[in-house]
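Chemist: Each chain, written out:
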Amino acid sequence: MTDVTERPAERPQGRRRPSVDVKTPLEERPIRTVDAPMTSPSSTTGLLEVFRRRYLLRLLVSREISARYQGSFLGLLWSYINPLSQFVIYYFVMGVIFGLHKGVENFAIHMFCGIVIVHFFNETFNAGTRSIVRNKSLVQKMAMPREMFPVASMLVSAYHLIPELIILVVVGALLGWTPTMAGIAALVASLAICMVLGTGLALMFATANVFFRDVGNFVSIITNFVRFGVPMMYPYTMVQDRFGEFAEFYLWNPISVACLLFQQAFWVGTTKDPEATAAAHLPADLWAYTAIGIVVSLIVLGIGQLIFSRTENRIPERL
Amino acid sequence: MDRPASIVVDHATKNFTLRYHRTFKTMAMAAIKRQDISDEFKAVDDVSFTIQQGESVGLMGLNGSGKSTLLKLINGIMKPESGSVHTRGRIAGLIATGAGFHQQLTGRENIYLNAAVLGMTEAETRRKFDDIVEFADVGRHLDSPVGHYSSGMFSRLGFAVAIHVDSDIFLADEVLAVGDKPFKQKCMQKMAEIRDGGRTLVYVSHAAASVRKMCDRVIVLESGKVGFDGDVDEGIRYVKYEADEDQEELENEDEELGADI
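Chain order of the listed sequences is A and P.
Heads up: the first sequence runs through residues 9 to 327, numbered per the working numbering.
Heads up: the second sequence runs through residues 35 to 295, numbered per the working numbering.
For the record, the hints were derived by calculation from the structure and aren't laboratory data.
Since this is a predicted model, take the numbers as computed values, not measurements.
We put the beta carbon where it would ideally sit given N, CA and C, even for glycine.
The reader is advised that the hints may include incorrect statements.
[Said to hold, decoys possible] Partner residues aside, some chain P positions facing chain A, computed with beta carbon under 7 Å:
id, residue
1, F83
2, Q87
3, D202
Using the sequences and the hints given, assemble the complete structure.
Modeler: Have a look at this one:
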């Protein structure tokens with residue numbers, strides 16, 4: 009090099025300041041001992057890794073919450089308007105026009121319970137499926153466990169659940185609802201099923217959505233079915249009356265069970281005689297089906313993780 | 035000279051699929067016309083090398099020769115189809131100029147997010163936050179969404195975060211392609227610091243002068259294969275083996291540009 013540099017070669021400290029113009033020979037550089045084994049930079053432990061890096065997960069969630077309604081005037085209010093509008097429509101059509109609320113005490117709460125839980129599940133599934141594509145810029149450029157994104161979507165949906173729960177508690181309390189141990193257990197089980205199943209399905213479809221954006225549309229259709237496939241706008245008794253022993257198959261759907269559990273948690277307590285209501289409108293062996301639902305959800309999560317790990321390698325080049 | 039290995043690439047191969055047809059309609063048409071529906075090519079083809087801790091390696095090659103893909107393999111964004119890539123310690127750096135930023139978030143939020151992705155804790159980020167902001171020099175734009183940034187500001191911010199991570203390996207992919215002269219100067223200065231601190235540096239550049247200043251070794255990729263691996267000056271000569279007049283001129287310009295840094 010023929011550069012002329014005016015910078016003094018030596019600093020007062022005696023230690024040579026790193027300079028662009030003077031290259032320290034490799035032999036003279038300090039040996040940085042890296043106390044780590046040689047590893048494959050792309051290997052992750054999947055979901056476990058996600059929970060190990062909670063700080064990053066927290067940032068992603070809060071970022072998603074603030075970004076979701078950015079540029080909209082009503083902002084966070086939309087997450088109430090959406091379920092409330094559904095509630096009004098369903099209540100009018102199912103309750104007032106079809107008269108399905110006859111014989112069901114506090115049908116509005118019965119239905120709102122369903123709307124809340126179905127909305128939570130659908131949001132988790134839908135947003136989770138699209139999460140990888142939506143976070144393109146990060147996925148393409150940064151090495152991180154990509155399971156982060158569906159999980160973050162699920163937590164964002166869970167965040168939006170909070171005000172709905174508050175509405176339920178307040179309205180329930182006005183109607184004489186008090187929390188019970190069984191109710192709390194039912195609530196926890198119900199949310200757990202939705203979280204696990206929703207995340208599992210999102211993992212399953214998220215990579216597919218990278219390859220074909222059609223998958224996102226397909227998932228929207230499935231979630232439409234969910235709305236009608238759970239005892240939300242009609243009581244479970246109706247299914248039992250219509251199908252008799254085949255109603256059992258209806259309960260193999262974990263979301264049906266989650267919905268019934270949620271109603272057990274909030275709706276049953278608001279009726280005049282909770283025990284009679286539970287006996288009349290909830291399946292006798294609800295807890296057995298809960299166990300099945302949780303197992304099924306966990307299996308789906310396992311399969312989802314498996315599919316995700318197998319296919320995620322192709323994600324960055326297809327985005 | 036026995037330093038521990040920092041990056042070991044062993045017969046790594048990465049395929050890409052060329053997709054001619056994507057929708058059902060075009061695929062059906064292709065099937066009727068008996069055209070190929072897809073085709074593969076090897077972006078990185080049976081590449082092997084070992085980089086020791088503290089080495090500073092220039093990665094050169096023409097556009098599309100697989101440099102960025104190789105960096106993605108080292109970084110862990112992609113996995114090789116066959117062969118293996120192993121690294122030791124924390125990796126930071128920039129892939130293809132821009133960082134993974136979220137357009138709607140502000141510069142400030144993106145710094146935290148980006149740092150977290152690179153493995154920094156909240157306390158660590160807070161400690162280095164002022165340095166990062168000072169280095170990026172985006173002024174009052176710090177609190178506006180990065181989507182509104184100029185391309186120079188965008189990459190300055192990305193580089194600022196990456197370089198402040200306490201990493202063992204630093205990957206720099208054409209960092210100097212964008213950014214104005216004072217910033218380039220700052221980048222070179224900072225990278226020299228990193229190099230002289232004993233961190234491993236992998237530097238992708240087309241600018242021969244800056245590679246000469248920064249690196250002890252050059253690896254040249256040619257359509258995915260290692261074409262040359264060795265001495266810096268020889269490597270630079272190797273890259274320009276087919277240089278015609280125009281290119282020579284460009285390189286000279288480049289050289290000058292490098293010289294007054």
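Chemist: Could you run down the list of hints and mark each one as holding or not?
Modeler: Evaluation of the provided hints:
no. : hint : result
1   : F83  : 14 Å, violated
2   : Q87  : 6 Å, holds
3   : D202 : 5 Å, holds
In the structure shown, a violation is registered for the earlier hint numbered 1 alone.
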